[in-house]
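K.L.:
Chain order of the listed sequences is A and B. Numbered by my numbering, the letters in the first sequence go through residues 546 to 896 in order. Numbered by my numbering, the letters in the second sequence go through residues 546 to 896 in order.
Any given hint could turn out to be false.
To be verified - Result set (DSBU-like, lysine-lysine): computed pairs, CA atoms no more than 35 angstroms apart in a straight line:
no.: 1; chain 1: A; residue 1: K820; chain 2: B; residue 2: K731
no.: 2; chain 1: A; residue 1: K868; chain 2: A; residue 2: K565
no.: 3; chain 1: A; residue 1: K612; chain 2: A; residue 2: K868
no.: 4; chain 1: B; residue 1: K572; chain 2: B; residue 2: K867
no.: 5; chain 1: B; residue 1: K731; chain 2: A; residue 2: K844
no.: 6; chain 1: B; residue 1: K731; chain 2: A; residue 2: K618
no.: 7; chain 1: A; residue 1: K681; chain 2: B; residue 2: K612
no.: 8; chain 1: A; residue 1: K820; chain 2: B; residue 2: K820
no.: 9; chain 1: A; residue 1: K731; chain 2: B; residue 2: K596
no.: 10; chain 1: A; residue 1: K572; chain 2: A; residue 2: K844
no.: 11; chain 1: B; residue 1: K568; chain 2: B; residue 2: K618
no.: 12; chain 1: A; residue 1: K596; chain 2: A; residue 2: K844
no.: 13; chain 1: A; residue 1: K867; chain 2: A; residue 2: K612
no.: 14; chain 1: A; residue 1: K820; chain 2: B; residue 2: K844
no.: 15; chain 1: A; residue 1: K731; chain 2: B; residue 2: K618
no.: 16; chain 1: A; residue 1: K844; chain 2: B; residue 2: K681
no.: 17; chain 1: B; residue 1: K731; chain 2: A; residue 2: K868
no.: 18; chain 1: A; residue 1: K612; chain 2: B; residue 2: K731
no.: 19; chain 1: A; residue 1: K681; chain 2: B; residue 2: K844
no.: 20; chain 1: B; residue 1: K711; chain 2: A; residue 2: K731
no.: 21; chain 1: B; residue 1: K572; chain 2: A; residue 2: K731
no.: 22; chain 1: A; residue 1: K565; chain 2: A; residue 2: K731
Said to hold, decoys possible - Facing chain B, a subset of chain A residues (Cβ under 10 angstroms, in silico):
no.: 23; residue: K568
no.: 24; residue: G689
no.: 25; residue: A693
no.: 26; residue: R816
Claimed, not checked - Distance windows between CB atoms, simulated:
no.: 27; chain 1: B; residue 1: D818; chain 2: A; residue 2: R815; range: 42 to 52 angstroms
no.: 28; chain 1: B; residue 1: T876; chain 2: A; residue 2: R811; range: 43 to 53 angstroms
no.: 29; chain 1: A; residue 1: P808; chain 2: B; residue 2: E741; range: 44 to 54 angstroms
no.: 30; chain 1: A; residue 1: L807; chain 2: B; residue 2: K618; range: 49 to 59 angstroms
no.: 31; chain 1: B; residue 1: E728; chain 2: A; residue 2: E859; range: 30 to 40 angstroms
Worth flagging that the hints you see were computed from the coordinates, not collected in a lab. Here the structure is a predicted model, which means the values were calculated and not measured. By construction, the Cβ of each residue, glycine as well, lies at the ideal position given by its N, Cα and C atoms.
There are 2 protein chains.
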Amino acid sequence: MLTIAVDAMGGDLGPRVAFKACKRLLKDQSDVQILLPLEPSVQPLAAQILKRYLSRVQFLNCDSHIKMSDHPKHALRNSSGLSMHVALQSVKDGLADGVLSVGNTGALLLLARRILGSLDNLSRPVLATQLPTRGKPILMMDLGANLAMTSEQLQELALLAVAWLKAGGEENPAVGLLNIGSEPSKGPDFIREAGEALTRRTDVNYCGFVEGDRMFDGVLDAVICDGYSGNIALKTTEGLIEWLLDLMTTELGQSKSLGWSLPLWRAALRRVDRKVSPARYGGAILMGINGCVVKTHGKSDERTFRYALEYVSEQIRSGRTKKLNDFYQKTYAVGSLSASINVQLVTNPSQ
Amino acid sequence: MLTIAVDAMGGDLGPRVAFKACKRLLKDQSDVQILLPLEPSVQPLAAQILKRYLSRVQFLNCDSHIKMSDHPKHALRNSSGLSMHVALQSVKDGLADGVLSVGNTGALLLLARRILGSLDNLSRPVLATQLPTRGKPILMMDLGANLAMTSEQLQELALLAVAWLKAGGEENPAVGLLNIGSEPSKGPDFIREAGEALTRRTDVNYCGFVEGDRMFDGVLDAVICDGYSGNIALKTTEGLIEWLLDLMTTELGQSKSLGWSLPLWRAALRRVDRKVSPARYGGAILMGINGCVVKTHGKSDERTFRYALEYVSEQIRSGRTKKLNDFYQKTYAVGSLSASINVQLVTNPSQ
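Just need the whole structure built from these sequences, with the hints factored in.
P.N.:
What follows is the structure in structure tokens.
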């Protein structure tokens, strides 16, 4: 059996969409159990929606949940009664194998780090996701866990991306740095410095700077950026895809003369949607945490929630979080990153 | 007559696409003249493509041009023989009414400021463009002229955006700040500070933070951001639109069973392309310069170049640059911005 703790509270659409998505997962995957930390007043709704599968559902009592508008640090004070805390604690206590949360991202980062702990040789955990491209999906990180970054932190991110991709079976993952131009002279200092340092590393297949418009070429396995730019690039992508799909649907609706070919066109549009829809990509992974924690968008609907649940299930089955953490801890021993950077800087004083 | 100086050198596809676009503009707009600063070796090609319209074309000799890979500061040393310098100088000397350049953006910013001068009460000129949305186009700035910004500079950008939109006839333009969340507590310090200050201003219809996925809603007239994030958001948008349109075209090609309805679909796709293609939006405006200067993408093809030329022509005809500059100089007298900010900060010590 595999157990997922679902923090279903705090999403824009209420917990109902989460319960429906849980029902679907329980139907599709008969070896899955779900833990639901819920305030008592919400439990009857969950019980009703999940009634066929109650033998594989366990409610955990909690007092309240963090709101989207709450400051993340609120969550650290008297957090033990919060649904998010209860979900994370269940992983710590060995009751669940992973967490999916729809709640406040900042609070999730803080609580996950406090309750589950993070990698010793990583300054801070990060948020990552995979985006669709013309070719293979691209891993993008950070997405908002760390708004401002130093060049050393960007390098850590590159190493973490390599570790995650290798844990997934990629032998020599290609990594780029998001920047405003491809020439080494372009961009802010901290990115140029990170680029120079990564060029000198033999343990990262670093492919240089990548501009926003080349992210979707399908050539790279990962693109590294600070959390502010990453968040903006990701959300811009989401908004634009949503709009363009709507636009095509509207064009479809207006083309009455298409007659019998309309269903064919709807099918073509669905195929496009399947290729590009961010919902299909299962949410953001908290990387660098000692445990499998995934965050789904606050505005997730049932479909998005369902993909996110499937994603968590897949991550748990593959043991990827553990593989990633073992690889990272083993390969980049505490202090080795900054030590090796310093050595390289000293031996290349002209740069 | 209206005269445009075209700096056609340095683009990825060579000057031929620029000459062809000039030919089209000269054909469509019989009151337009074009000045072309060109190295002597390139003039025969231009003369051949433009042969029907040579009475409205003037070649200006230059020695060389700035390459995309050159550091912008190169352009400041011995610049007088550069095509970009000759184009800008022709505006300064009253020979041309505006400039379109495909060259190195950084160099264009530096040279435009040196040759034409910039607004007294603006710390630095900025790059702006209009993006398509679900509704009215949105003015986005900065796009890379200033990578790092202070909260005061972000406020200046908001004022400049208001001035530009008012110069275009918008009575009460709605302005937002690009950020990673909509709550006032979200984002880096400089953005939160700019948000607080703009909230207190009565001369800006400030609508708060806007996330990347809400940029395309068509509700705002302008979105303000630092040059690094703006550049990344813009290029992400461009790359994504390009990919999605390709994807739709591929789906079209594969659907052989569509038969007679294929042309209808091609037409639908062209309508979508017309609504969303960044090429239609005429390039980036250098705002805050004493003169009309527009930059088109280094990878511009003939179509992109053509739209950019039409855009410059329209900008010159409307006298928008002068209206913008007059409004900005009059409304925000030198020192008034920082002065008023200080006053506001002092009178609101609790914030």
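K.L.:
Run every hint past the structure and note whether it holds.
P.N.:
Okay, the hints, checked on the actual structure:
no., hint, in the structure
1, A:K820 x B:K731, "holds (32 angstroms)"
2, A:K868 x A:K565, "holds (31 angstroms)"
3, A:K612 x A:K868, "holds (33 angstroms)"
4, B:K572 x B:K867, "holds (27 angstroms)"
5, B:K731 x A:K844, "holds (17 angstroms)"
6, B:K731 x A:K618, "holds (12 angstroms)"
7, A:K681 x B:K612, "holds (33 angstroms)"
8, A:K820 x B:K820, "holds (22 angstroms)"
9, A:K731 x B:K596, "violated (40 angstroms)"
10, A:K572 x A:K844, "holds (24 angstroms)"
11, B:K568 x B:K618, "holds (33 angstroms)"
12, A:K596 x A:K844, "holds (25 angstroms)"
13, A:K867 x A:K612, "holds (30 angstroms)"
14, A:K820 x B:K844, "holds (27 angstroms)"
15, A:K731 x B:K618, "holds (13 angstroms)"
16, A:K844 x B:K681, "holds (25 angstroms)"
17, B:K731 x A:K868, "holds (34 angstroms)"
18, A:K612 x B:K731, "holds (14 angstroms)"
19, A:K681 x B:K844, "holds (25 angstroms)"
20, B:K711 x A:K731, "holds (34 angstroms)"
21, B:K572 x A:K731, "violated (39 angstroms)"
22, A:K565 x A:K731, "violated (48 angstroms)"
23, K568, "violated (28 angstroms)"
24, G689, "holds (5 angstroms)"
25, A693, "holds (6 angstroms)"
26, R816, "holds (6 angstroms)"
27, B:D818 x A:R815: 42 to 52 angstroms, "violated (21 angstroms)"
28, B:T876 x A:R811: 43 to 53 angstroms, "holds (52 angstroms)"
29, A:P808 x B:E741: 44 to 54 angstroms, "holds (53 angstroms)"
30, A:L807 x B:K618: 49 to 59 angstroms, "holds (58 angstroms)"
31, B:E728 x A:E859: 30 to 40 angstroms, "holds (32 angstroms)"
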